[in-house]
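Student: Okay, here's what each chain looks like letter by letter:
Number of protein chains: 2
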Amino acid sequence: MSRQLQKLRTRRSIIDAAFSLLDDQRSLSSISLREVAREAGIAPTSFYRHFKDIDELGLTLVDEAGLALRQLMRQARLRIASGGGVINTSVDTFMEFISDNSNVFRLLLREHTGTSLAFRAAVLREIQHFNVELTDYTMATTGLSPKVANLQAEAMVKLVFSAGAEGLDASVEQKKILAGRLKLQLRFIANGALRTTVD
Amino acid sequence: MSRQLQKLRTRRSIIDAAFSLLDDQRSLSSISLREVAREAGIAPTSFYRHFKDIDELGLTLVDEAGLALRQLMRQARLRIASGGGVINTSVDTFMEFISDNSNVFRLLLREHTGTSLAFRAAVLREIQHFNVELTDYTMATTGLSPKVANLQAEAMVKLVFSAGAEGLDASVEQKKILAGRLKLQLRFIANGALRTTVD
DNA sequence: TAAATTAGCGTACAGTTGTAAGCTGAATAA
DNA sequence: TTATTCAGCTTACAACTGTACGCTAATTTA
Chain A
0 MSRQLQKLRT
10 RRSIIDAAFS
20 LLDDQRSLSS
30 ISLREVAREA
40 GIAPTSFYRH
50 FKDIDELGLT
60 LVDEAGLALR
70 QLMRQARLRI
80 ASGGGVINTS
90 VDTFMEFISD
100 NSNVFRLLLR
110 EHTGTSLAFR
120 AAVLREIQHF
130 NVELTDYTMA
140 TTGLSPKVAN
150 LQAEAMVKLV
160 FSAGAEGLDA
170 SVEQKKILAG
180 RLKLQLRFIA
190 NGALRTTVD
Chain B
0 MSRQLQKLRT
10 RRSIIDAAFS
20 LLDDQRSLSS
30 ISLREVAREA
40 GIAPTSFYRH
50 FKDIDELGLT
60 LVDEAGLALR
70 QLMRQARLRI
80 ASGGGVINTS
90 VDTFMEFISD
100 NSNVFRLLLR
110 EHTGTSLAFR
120 AAVLREIQHF
130 NVELTDYTMA
140 TTGLSPKVAN
150 LQAEAMVKLV
160 FSAGAEGLDA
170 SVEQKKILAG
180 RLKLQLRFIA
190 NGALRTTVD
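Chains as they are written, first to last, in numbering that gives the first Met the number 0: chain A, 0 to 198; chain B, 0 to 198.
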């Protein structure tokens, strides 16, 4: 087998090993290099052939998680096009995502308020993507001013992420209730933004 | 000096030591018993005379942090009584709090999404206090239905905490901007809740 | 084919961790 | 006064950490 390909595969197995360790009891700052290496089936020192640090691996994981979320958004946009309502479709898509990729979302959630400045910044960048896209969408569909559209988008993204956090630990029925409540809260904001005078 | 008193003092110095270690780079799960003991000026094993675990200390810290926040709310209520608007006064009081007690708020924020189920539950209880009190207040002052009042309160608390998180890393000017934006977003919700039909 | 590169390994070390065991001296109780 | 209690200490140990160093074997290059 080609050397390059093998290296890529090992790298992937390190990344996968790390994700699998990030359950609801572990965070990036609490997994050790040796533990990741063990899970990936390599010697501790071999780790360094792929990443300078555990931190470099961490940033890679945040990037991958952000990418997965952005792909989710594209998917949601497709579903919106085929009817169902923006809020409904977006919330449902999002809730599906956190159920199917709980460790991925958990990583973003955890590191958003975590102990590493670099990780926090990386997660914030990903969230900013959401804010920008939702702001643009809002301006295009409602004609709200940039300022109001941005405030609305930011508030909505915060509520969605916050509900997602609750959803991680919730049962299926609880998630349904949660999604219903979230949709109403988002409508509050949408309706309120239309009628609130700014400045 | 009395033995009892001395024990209480040592206990306090352990708690204070722990809080002082919880800066923006450390969380409960990353501070060690030995480190806390070192900071408190006692031998590592003496720690056990006061707490069974590092976890027991952690729960104590969360309780103290929650208490501090509840005291803050009382203070805010007093200020509201003397005029200025509910949202304005509450946000300003809250922002002052996170500036003056950043490590206390950071603890709640961190453990809210942290790796310990017990800590997450403890923080959630504290947040629930906020939701309940704000729900009651909203029903009393606006006459909204319990359901809508609760949805509104929950959304508001989430936005406030989320803005608080951003405020921790922000400069004074940034905090002002943040507070202004938060106030507008809370008005969106307040206005929206009044006008959104539920069910 | 011969030489160079390199992914992965084994060994090793110093530093940290939690905590068990037992001692000491001072505050308290009798 | 004498006996008891107990907060805090010292010492000790096994488990774990990150990572430096040098070797091996196989792929890649010349």
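Since the hints were derived computationally from the structure, they do not count as laboratory data.
A portion of the hints provided could be inaccurate.
Since the list gives no way to pick out one identical chain from another, each pair is judged satisfied if it fits inside one copy or across any two copies.
When the alpha-carbon atoms are kept at most 25 Å apart in a straight line, the in silico DSS-like pairs for lysine-lysine are as follows [to be verified]:
hint: 1; residue 1: K6; residue 2: K182
hint: 2; residue 1: K146; residue 2: K175
hint: 3; residue 1: K146; residue 2: K51
hint: 4; residue 1: K182; residue 2: K146
hint: 5; residue 1: K51; residue 2: K6
hint: 6; residue 1: K174; residue 2: K146
Student: Now look at each hint and say whether the structure bears it out.
Tutor: Hints versus structure:
1. In the homo-oligomer, the alpha carbons of K6 and K182 never lie at most 25 Å apart, since the shortest distance is 45 Å inside one protomer and 52 Å across protomers.
2. Taking the closest pair of Cα atoms, K146 and K175 come within 25 Å of each other only across two copies (16 Å); inside a single copy the shortest separation is 32 Å, beyond that limit.
3. In this homomeric assembly, K146 and K51 never come within 25 Å of each other (Cα to Cα): the closest approach is 42 Å inside a single copy and 52 Å across copies.
4. When the C-alpha separation of K182 and K146 is checked against a cutoff of 25 Å, the pair qualifies both within a copy, at 23 Å, and between copies, at 14 Å.
5. For a Cα distance limit of 25 Å, the shortest separation of K51 from K6 inside one copy, 15 Å, qualifies, whereas the shortest one across copies, 47 Å, does not.
6. In this assembly of identical chains, K174 and K146 lie within 25 Å of each other by CA distance solely across copies; the values are 18 Å between and 32 Å within a copy.
Against the hints set out earlier in the document, violations occur for numbers 1 and 3.
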